[in-house]
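Enquirer: One letter stands for each residue in the lines below.
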Amino acid sequence: MHINKHSTRRRFLGLAGSAAAFGTVPIVTLRPVQATPATLATAIRNVVGTAVVHAGKVKLEVPPLVENGNTVPMTVSVSNPMTREDYVKSIHVFNEKNPQPNIGNFYLGVQAGRAQISTRIRLADSQKVVAIAHLSDGSFWSATADVVVTLAACTEEVI
Amino acid sequence: MPSALINVPARAKRGDVIEIKTLMSHIMETGYRHTATGEVIPRDIITSFACRYNGAEIFRADLFPAIAANPFISFFTVAAESGKFEFEWIGDKGFSETASASIIVE
Numbered sequence: 001m002h003i004n005k006h007s008t009r010r011r012f013l014g015l016a017g018s019a020a021a022f023g024t025v026p027i028v029t030l031r032p033v034q035a036t037p038a039t040l041a042t043a044i045r046n047v048v049g050t051a052v053v054h055a056g057k058v059k060l061e062v063p064p065l066v067e068n069g070n071t072v073p074m075t076v077s078v079s080n081p082m083t084r085e086d087y088v089k090s091i092h093v094f095n096e097k098n099p100q101p102n103i104g105n106f107y108l109g110v111q112a113g114r115a116q117i118s119t120r121i122r123l124a125d126s127q128k129v130v131a132i133a134h135l136s137d138g139s140f141w142s143a144t145a146d147v148v149v150t151l152a153a154c155t156e157e158v159i
Numbered sequence: 160m161p162s163a164l165i166n167v168p169a170r171a172k173r174g175d176v177i178e179i180k181t182l183m184s185h186i187m188e189t190g191y192r193h194t195a196t197g198e199v200i201p202r203d204i205i206t207s208f209a210c211r212y213n214g215a216e217i218f219r220a221d222l223f224p225a226i227a228a229n230p231f232i233s234f235f236t237v238a239a240e241s242g243k244f245e246f247e248w249i250g251d252k253g254f255s256e257t258a259s260a261s262i263i264v265e
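Protein sequences appear in the order of chains A and B. Going letter by letter, the first sequence gives residues 1 to 159 in the numbering used here. Going letter by letter, the second sequence gives residues 160 to 265 in the numbering used here.
Check each hint, because a few of them may be wrong.
As the list claims (entries may be wrong) - Subject to a maximum C-alpha distance of 25 Å in a straight line, what follows is the list of computed DSS-like cross-link-like pairs (lysine-lysine): (1) Lys128/A with Lys59/A; (2) Lys252/B with Lys89/A; (3) Lys180/B with Lys57/A; (4) Lys128/A with Lys97/A; (5) Lys128/A with Lys89/A; (6) Lys89/A with Lys59/A; (7) Lys57/A with Lys128/A; (8) Lys180/B with Lys243/B; (9) Lys180/B with Lys59/A; (10) Lys89/A with Lys57/A; (11) Lys243/B with Lys172/B; (12) Lys97/A with Lys172/B.
None of these hints come from the bench; they were simulated from the model.
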């Protein structure tokens, strides 16, 4: 009885181990390449060019801890008077570890009255989110937020 | 059948800053998921959203797979005159939807 039980457990562990090893192969080959901090920097460079990105003026609101990365509420606001002389032209949002570094580009203008946008985003992992505002004088301002994600988006299988 | 939800105040005072909320039903398939058999599900997302106020574009957005399903976008504008807001979503696989809302500015 005792020996029988033992062998069952051993067999189970062996099976589980081989299943895990077998299962890992397709995951590794099919999993998309994650955006890395380097691709994040490249994506930001594509938007800002050679301009200096200052920290400040932008407020990026995302929950610091999210249970479900499939839908994360996000609000970006820029403290700006929104006058003809000084307004926000666009807001760009990036991430560090999703398969793609871009989240969205939002083009406002002086007629917006208030430089604020809200949407819901996906996060594939606990990571840094970066929002950059492009002002009418050509300057760029940014804010970053760290988000901890317990259930990641993008990776689940569809059955 | 795609459907849009638009929230625009029916009335506003001239010069008021108003919030516009939009939601379009769409799967926003990222193109990074795969089935149990290992096949990649092709990307199917909304790639662009635009809003026009009496013909003039006031807001535009480029969307990426990192935007959640059923994209919700909210933004602000100054109520300048009575008229119509027109919304347009364009995406993969020929997806194209429009919606509109009217406002009375006093």
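Enquirer: Next, verify each hint and record whether it holds.
Expert: Going down the list of hints, with the structure as the test:
no.	hint	verdict
1	Lys128/A with Lys59/A	holds (14 Å)
2	Lys252/B with Lys89/A	violated (30 Å)
3	Lys180/B with Lys57/A	holds (24 Å)
4	Lys128/A with Lys97/A	holds (8 Å)
5	Lys128/A with Lys89/A	holds (24 Å)
6	Lys89/A with Lys59/A	holds (16 Å)
7	Lys57/A with Lys128/A	holds (18 Å)
8	Lys180/B with Lys243/B	holds (15 Å)
9	Lys180/B with Lys59/A	holds (20 Å)
10	Lys89/A with Lys57/A	holds (14 Å)
11	Lys243/B with Lys172/B	holds (15 Å)
12	Lys97/A with Lys172/B	violated (44 Å)
Going through the hint list in order, the structure does not satisfy hints 2 and 12.
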